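S.K.: Based on the hints, put chain B in the right spot on chain A.
Chains as they are written, first to last, in numbering that gives the first Met the number 0: chain A, 0 to 343; chain B, 0 to 343.
Honestly, the hints are just simulated from the structure, not real lab data.
Computed from a predicted model, the values in this text were never measured in an experiment.
A virtual CB, placed ideally from N, CA and C, is assigned to each residue, including glycine.
Treat the hints with care, since some could be wrong.
[What the hints assert, rightly or not] Pair ranges (Cβ atoms, derived):
id, chain 1, residue 1, chain 2, residue 2, range
1, A, S210, B, E56, 31 to 39 Å
2, B, K278, A, E56, 40 to 48 Å
3, A, A202, B, D59, 35 to 43 Å
4, B, K278, A, S54, 51 to 59 Å
5, B, A30, A, I341, 40 to 48 Å
6, B, N250, A, N36, 36 to 44 Å
7, B, Y177, A, Y177, 41 to 49 Å
8, B, K158, A, E55, 53 to 61 Å
There are 2 protein chains.
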Amino acid sequence: MTELKLERCKIAVDAMGGDYAPKHEILGAVAAMKEDNNFDLILVGDKEKILKIASEENIDLNEKVIYHSTQVIEMVDKPIDAIKAKPDSSLVVGAKLVREKKAHAFVSAGNTGAMMAVSTLIMGRIKGVSRPTIGASFPTTSGDQKCIVFDAGASVDSKPQHLFEYAVLGTIFSKEMYGVQNPTIGLLNVGEEESKGNELTFAAQKLLKYSKLNFHGNVEGRDILEGTVDIVVCDGFVGNIILKFGESVLNLLKTRVRNYADKGLINKIKALIVKSVLKASLSDMDYQTHGGVPLLGVNGISIIGHGSSSPLAIKNMILRAKEMYDKNLIKKFEEALKTYAITK
Amino acid sequence: MTELKLERCKIAVDAMGGDYAPKHEILGAVAAMKEDNNFDLILVGDKEKILKIASEENIDLNEKVIYHSTQVIEMVDKPIDAIKAKPDSSLVVGAKLVREKKAHAFVSAGNTGAMMAVSTLIMGRIKGVSRPTIGASFPTTSGDQKCIVFDAGASVDSKPQHLFEYAVLGTIFSKEMYGVQNPTIGLLNVGEEESKGNELTFAAQKLLKYSKLNFHGNVEGRDILEGTVDIVVCDGFVGNIILKFGESVLNLLKTRVRNYADKGLINKIKALIVKSVLKASLSDMDYQTHGGVPLLGVNGISIIGHGSSSPLAIKNMILRAKEMYDKNLIKKFEEALKTYAITK
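Isolated chain A, as found in the complex:
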């Protein structure tokens, strides 16, 4: 991968993936290029449709950036079946571009399961990775510090070794992308004491404790937002549920404030103030600011977005992929997996 670093970065974008594809994808990609013109864009999808939308949006799109593909994997499609049935889908074609080294990164707001599957199966895994993982970043009470939870849903029924690998990948990611010098790692558990836990955490605790990683120990559900550690590792079942639960908190807040506003004019005015304050105070809880979640452990940069991604979210996903490329993350993952490998 070191040679690739010398090349100009090429980012493939699934133009057909999201709920508002290809419009949001085109707008997001164009916005990303305006902000950083130091990469080549490859829009994967139906050429005719892409050009039509670009023209409707008065965007002067260079035809050459389009990599034509004829099929689309829909949101409702079953990932594995769809990959087989639709070999010329934008998702399959985009992942192949990375495998064939025609692109360094692939970004999609399409079917999440299918994106994980094409990334893992087509791009392949980095040596030393048993299972790729998704990291979800949470705001904390400690100012700008983030807490990233691995795995946020790439796989369930994890083994202790998987959690250990998530910790290695997470360490590099936190260091390179968030500038944390020596990221601390917490093992998500039902109590801080070593005597607390389930079968998985007891075994994972040992692996982490005797590794060269900066292991803090067990952490609880509250420690994520409190920023007790930089990285929290857990099984993807738990991580996925926390991520979705967390996303729904803002909805609950909005609904409650809306109901409050409905009770009279003074309430309405107060509610407007609340809305503006919360917007200012919780801006980092807006998924659009980071756009999507990276799938770490696959042999290439893979970023997965919300189906409902806005152009802003798409733009930020692309810029994030660019940053991961600039920082040579894949190479650094490879090295870390060797450095921290458990010698039996």
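M.R.: Frame of chain A, contents of chain B only:
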């Protein structure tokens, strides 16, 4: 238990349990009696200490309500060891009062693990219950509707049968305590589709689907606050983490609003408005309103409170125990476990 129903309700309160014991316990108990004088109070703990605090607080406490015990299980004590080492602790003595039918309910803000252990080991389990469970109730976007999550941390590494039993106990609890006619049950999962899940959910799904319970199907992390169902069942590992994560959300909000307020006078005024609106809109997220969580499945009423319980929280825990007694919940659990039992 039907005969017991005819008796006057007796509620034992662990006077030595919480961080502010026995003061908050005494104040809470006296407040509960002011609100409902239709039960007998039994304050379990050090007689001298209790009388001293009562006198300091100018409370005319009838000595007869005190059930003297000499030992105290501390917050840091290991549950099982402590139970053996301290047979005359308020926790052990209180649970024994229930086993010996001298009390119908036991309420404690003490060591949570020890309270679960004494309730399970000393009171015993209701026939048909493999593992007792804790239910944590969450606010939802659907007005007054609550969503109760079982298990919120009583045990980990649950088997499918345990989740099924949680659903049975939860159904009765939701019906009787929250007045929900035919409570819907969701199985917490990483996706709604039947094809999604881990080993536990695949097996539990089958048990729930073919039972006579009102099973809605799989639900995701976001469905808890959205109120998609009345009851969510999951392993205690996941439930505990969601509960603690959820509790920390309000802290994050408070910190963020406080930081906002620090940035000038106008911000300060706006932040005061935000604080008052959130307080009004999210009052049901304050744990003090319901006080504690009931441990369901044990042969007696057992309510576990926060270590830091305020007198208000203690009062509400006692009144909740009283309500569970008035509604004859233990008897109804027994019957439901027979009605819904899976015939192999």
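S.K.: Does each hint hold? Answer for all of them.
M.R.: Here's how the hints hold up against the structure:
Between S210(A) and E56(B) the beta carbons are some 53 Å apart, a value that contradicts the proposed interval 31 to 39 Å. In this structure the supplied range 40 to 48 Å holds for K278(B) paired with E56(A), their Cβ-Cβ distance being about 45 Å. At roughly 57 Å, the beta-carbon separation of A202(A) and D59(B) lies outside the given 35 to 43 Å, and the hint is violated. At roughly 53 Å, the beta carbons of K278(B) and S54(A) sit within the given window of 51 to 59 Å.
Judged by the Cβ atoms, the range 40 to 48 Å given for A30(B) and I341(A) is violated: they are separated by roughly 56 Å. Between N250(B) and N36(A) the C-beta distance comes to about 43 Å, which sits within the given range of 36 to 44 Å. Taking 41 to 49 Å as the suggested C-beta distance range, the pair Y177(B) and Y177(A) conforms, at roughly 43 Å. At roughly 56 Å, the beta-carbon separation of K158(B) and E55(A) lies within the given 53 to 61 Å, and the hint holds.
When held up to the earlier numbered hints, the structure conflicts with 1, 3, 5 and fits the remainder.
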